[in-house]
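*Asks:* Each chain, written out:
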Amino acid sequence: MNAFELSKQAVIDGREARKKGEMPRLSEDEKKALLSRYHPDLKEEAYTTIRIGVNKGQKTVHEVVRLLEGESPLAENPPDLTPKHQVDVLVIGGGGAGASAALMAQSAGSKVLMSTKLRLGDSNTVMAEGGMQVAISPEDSPVRHFLDTLKGGQMANDRTLLKTLVSEGPANAKWLMDLGVMFDREEDGNLSIRSGGGSSLPRLLRCKDYTGLELMRVLKDAVLNEDIEILEFSPVIEFLTDGNGTCTGAVLKDLDTDKRIVVQAKTVILATGGIGRLHIQGFPTSNHYGATGDGLVLSYRAGAELKFQDTFQYHPTGSIFPEAMAGLLVTEAIRSVGAQLLNVKGERFVYELETRDAVASAVIRECEEGRGVETPAGRKGVWLDMPLVDVLHGEGTLADHFPNMLRQFSRYDIDITKAPVLIYPTLHYQNGGVKIDVEGESTLKNLFVAGEASGGIHGRNRLMGNSLLDIVVYGRRAGVAAAKRASALGFCPLTLKHLEDFKTQKKAAGVVSETVSPILFPDYVNKG
Amino acid sequence: MIISRSVAITLDGEAHQVPEAITIIQAMWHLGRSMEKNIGCLGGACGACVVVTRLPGQMLPHTALACQMMVAEGLNVSFLQGDPSQKALAPLPAESPSRETVFQYYPETKRCVACGACTTACPQKIDVMAGVREMMMGDLAVVAERFTTCVSCDLCAVVCESRIRPYRMGLYARRLAGAFHPQKPLQLLNRIEEIASDKFKAEWEDVMQVGKNV
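Residue numbers (the working numbering), protein chains in the order written: chain X, 1 to 528; chain R, 1 to 214.
If the Cβ cut is set under 7 Å, some of the chain X residues that face chain R in the computed set are:
| # | residue |
| --- | --- |
| 1 | Asp-122 |
| 2 | Val-126 |
| 3 | Pro-170 |
| 4 | Val-181 |
| 5 | Asp-221 |
| 6 | Leu-255 |
| 7 | His-288 |
| 8 | Tyr-524 |
| 9 | Val-525 |
Short derived list, chain R residues pointing at chain X, Cβ under 8 Å:
| # | residue |
| --- | --- |
| 10 | Leu-92 |
| 11 | Ser-152 |
| 12 | Met-208 |
Each computed DSS-like pair below joins lysine-lysine, with the alpha-carbon atoms no more than 27 Å apart:
| # | chain 1 | residue 1 | chain 2 | residue 2 |
| --- | --- | --- | --- | --- |
| 13 | X | Lys-418 | X | Lys-20 |
| 14 | X | Lys-174 | R | Lys-184 |
| 15 | X | Lys-84 | X | Lys-111 |
| 16 | X | Lys-174 | R | Lys-201 |
| 17 | X | Lys-418 | R | Lys-125 |
| 18 | X | Lys-445 | X | Lys-56 |
| 19 | X | Lys-174 | R | Lys-199 |
Treat the hints as calculated values from the structure; they're not laboratory data. Small disclaimer: the values here were computed from a predicted structure and weren't measured. The beta carbon of each residue, even a glycine, is placed where N, CA and C say it ideally should be.
Can you make the complete structure from the sequences, with help from the hints?
*Replies:* Listed below in structure tokens is the structure:
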């Protein structure tokens with residue numbers, strides 16, 4: 001048996017003895033020390049200073065700065081700005097936030113156009129597995145949800161945004177259920193709840209381990225029932241402004257023909273998600289193919305302020321073996337029902353339901369200090385012992401509650417009811433984004449931002465289950481607010497003047513960029 | 001680091017060498033295709049990357065998700081376009097639904113000849129045909145449960161000779177079963193009530209200041 005197989009056997013052999021063991025929780029000081037030494041957000045050499053724009057002088061990772069300081073695809077060849085579409089509300093992005101926003105704006109009487117890079121529904125929403133946090137149990141309360149989230153966010157969260165998020169959670173869960181979303185239930189009809197990392201009480205609503213898929217397919221079906229025009233395969237490549245701090249539309253790119261599509265809109269809702277496909281610091285990612293930070297880049301270029309643009313979530317348990325599954329998420333919910341993390345010697349090394357930043361840091365520590373397991377492809381990671389779930393809760397639990405996990409691994413002949421799997425942190429979420437107010441409006445007038453593209457709600461680390469809640473609560477809020485604003489407005493001039501301003505700033509700061517951004521897709525193509 | 005060996009695959013009729021132990025999508029990148037269509041979540045949840053595949057010696061083709069299937073020696077691959085049919089405008093009814101509610105928008109469901117092609121095609125291994133037959137029996141909750149893991153890849157509709165669109169019918173059955181669930185989620189409803197009546201007002205005043213000015 002090689003070292004890999006020996007280590008796996010040690011995990012299997014030790015399972016019975018480990019099953020009742022308690023792991024001490026980290027004290028605040030221990031957590032701080034762990035993060036400062038091992039969390040990728042605190043790796044100085046990964047960061048650089050932003051030299052232009054509203055957040056000038058602040059830092060973020062090289063991969064993001066490169067794009068923020070990039071050239072517009074329209075810089076060389078500005079299109080004729082005669083609009084092809086004139087609408088009240090333009091919704092950019094076809095995930096959960098965009099769909100929620102579009103539904104609300106349309107029902108408020110607005111003429112809505114949606115544009116998406118891929119198809120409606122192709123998003124990170126569809127991949128969210130674990131659940132949606134809503135404080136429903138009698139012991140729980142929105143206040144408690146607020147405090148857990150604040151603590152998890154390193155006390156940095158925008159409190160007004162957060163209070164609204166948790167207070168409107170229950171009503172938004174009801175809205176989803178009225179649309180036909182099926183959350184798992186208890187015998188008595190109450191919604192079933194489960195624990196998540198960093199939460200002091202169980203409050204995750206879920207649909208098995210397909211919660212995001214369930215939300216997305218219902219929202220998508222609801223959108224398709226409405227009179228909402230949808231342009232698929234048409235990503236945004238530049239905003240249009242009145243030249244004076246107000247967003248007035250956008251330029252889209254038709255991926256089939258490479259033609260530009262000019263949209264004039266009274267208000268714009270940006271819901272383009274995150275940055276996983278930038279592979280920050282070389283991390284694999286759990287994100288969908290289109291997650292290339294387009295929203296950050298375009299909002300910034302048009303003059304919107306960013307918030308917490310320097311902090312990212314590395315989900316502790318991304319699969320690393322087999323190589324074809326690298327980066328793919330193993331849901332945190334599986335740890336909340338007892339799956340344990342083990343190093344090469346088969347020893348536990350962290351309480352599995354610490355917040356994601358802490359668990360990820362502990363995994364990185366084990367690997368950096370020589371207690372990781374090496375895969376045949378040269379990746380290092382630690383074991384996640386999922387069969388323990390069936391040992392603790394009875395045979396069939398994994399199959400009943402985690403059909404997605406079971407199927408994904410079985411496609412590569414790994415039976416998660418028998419064997420542990422290898423994991424390492426995977427780039428999962430941008431904690432920050434475009435700064436918004438409680439109506440979802442950015443600092444660029446008439447540009448509303450919802451979901452992962454926005455920043456402030458989650459502080460410097462998001463808790464599990466708060467993202468699905470965020471996209472619905474703030475997607476809907478943005479939809480309502482953008483529709484209301486649009487109803488009182490006429491169309492405003494379409495200009496690319498912000499590009500000139502940006503150019504002037506770049507010249508003054510001596511910034512020379514060879515990058516055209518947004519990049520729209522990661523470049524994985526073999527050039528050989 | 002192990003240097004991987006290569007395998008021969010056939011893509012749309014043309015032969016290529018690609019490294020072994022990679023997915024079909026990764027093989028596309030290896031072959032210089034940038035992939036802006038037939039691609040989505042890369043995690044087996046969005047149904048964008050449906051392929052029809054055949055191995056040497058197999059008479060019948062198989063269907064799969066290209067982000068979830070590894071290449072193999074002799075594998076023959078073609079990407080499929082999804083179901084182009086117009087989705088029926090199927091709103092949720094005001095009154096409690098029955099199977100007639102589903103048939104109103106998806107009447108072709110009744111034409112099932114039980115050939116089983118949909119079940120064979122499903123990459124999620126859902127017994128789709130059973131779901132269609134269950135719909136004919138009229139138990140929405142059973143149908144809803146059946147389609148829990150559906151990724152709407154459309155393959156069941158593409159292969160159906162009777163032009164049934166099981167994935168759309170199944171999703172509509174789920175929406176009906178969800179929206180008209182026979183039990184009330186009392187805890188959720190109570191909490192909504194409590195928030196509406198400002199029950200947590202005093203707590204909020206303290207909490208909004210937590211950790212500030214210390």
